[in-house]
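Participant: Construct all of the structure, not just a fragment, from the sequences and the given hints.
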Amino acid sequence: MLSKFQIFKIGFFDVAPHLLSVIPFGIIFGAIGIELGFDPIMTYATSLIIFGGASQIVFLQLLSGGASSLIAITSVGVINSRHLLYGAVLSEYLNKLSLIKKLFISYFIVDQGFAVSNIYFKKNKGQNFNHYHLMGSGITLWLCWQISTIIGIFLGSIVPEALGLKFAIPLTFIAIIINELRKIDHLIVMIVSGLAATFFYNAPFKSYILISPLIGLFAAYLIFKFKK
Amino acid sequence: MTWTSIFIAGFITYLTRMGMIILIDKDVFNENFRKILNYVPSVVFPSIIFPGVLLNDYGTLVAITDPKIYGALTAIIIGFFSRNVIITIASGLASYWFIIFVF
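Residue numbers (the working numbering), protein chains in the order written: chain Y, 1 to 228; chain X, 1 to 103.
Hints were generated in silico from the structure; no laboratory data involved.
Note that beta-carbon positions come from the ideal geometry of N, C-alpha and C, so glycine has one too.
Be careful, since some hints might not be right.
One side of the interface only, derived from the structure: several residues of chain Y facing chain X at Cβ under 8 Å [to be verified]:
#1 72
#2 89
#3 208
Facilitator: Structure, rendered in structure tokens:
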């Protein structure tokens, strides 16, 4: 049986390839915060307190553009509402943990960590200490996000814009779901939600990130009913 | 004011992370609902991927010849056959850069 530390390490190694997009994104975020006129401490504080890449950029952009706090906060809430879905999925696996551990581990739930740990959980159902995988992936992402934000704050956009590293973000997500492409039901659901997101992209408060997964889940429900 | 907003935004974000994990008891969801939840990665990540590839910084559709489209297609094809995360990402970036810098 694997020890806690071994499982933690698997979490680290599983999420490591995704640092290719997380680190440049963190640097870009730090640089953007300063460019928008926020001081270094405030820019960094969003990484520590909000800890949600895309939502932090939107938050600072809205505030610097003169939007009200209410609008900025609402946008962050809407963008990050996808965590509710992650939590619903993960709750099955984290069920036996104490309240304190649940509260602690929740802070580290982000897209890439959820994705790799969810795959691990599905493959290793019933094994002890599985949550150390989520801690391994989550804490790795957290550390890299904090450090890369600080690098961006102090060194500016050292990532050349010509490299277009923003494109690494969709690429890492493609890598995450690539194996599900083999299943026709998943493929349909992916196309439905992806097209919905593209269509609703300009909806207020970035709500496409909530609307399109819900449309996708509805498609999944229909497929599920149909298969029955 | 900004500080207050940061703390409120952070608190709400934390609630979205922690809410379901704390509230949901294992038996709340029936088997069918669990099966639907299996699709969560397949509905959330394409919602990030599609706009990231198909739209530009201004939220309008890119041209069919955009390097991002070739990069994404390469990553999907190579990823499908290699089943390897690093190779998927690297092949996508490589083909994207090839089109930008060589053509």
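Participant: So which of those numbered hints doesn't the model satisfy?
Facilitator: Violated hints: none at all, because every hint is consistent with the structure.
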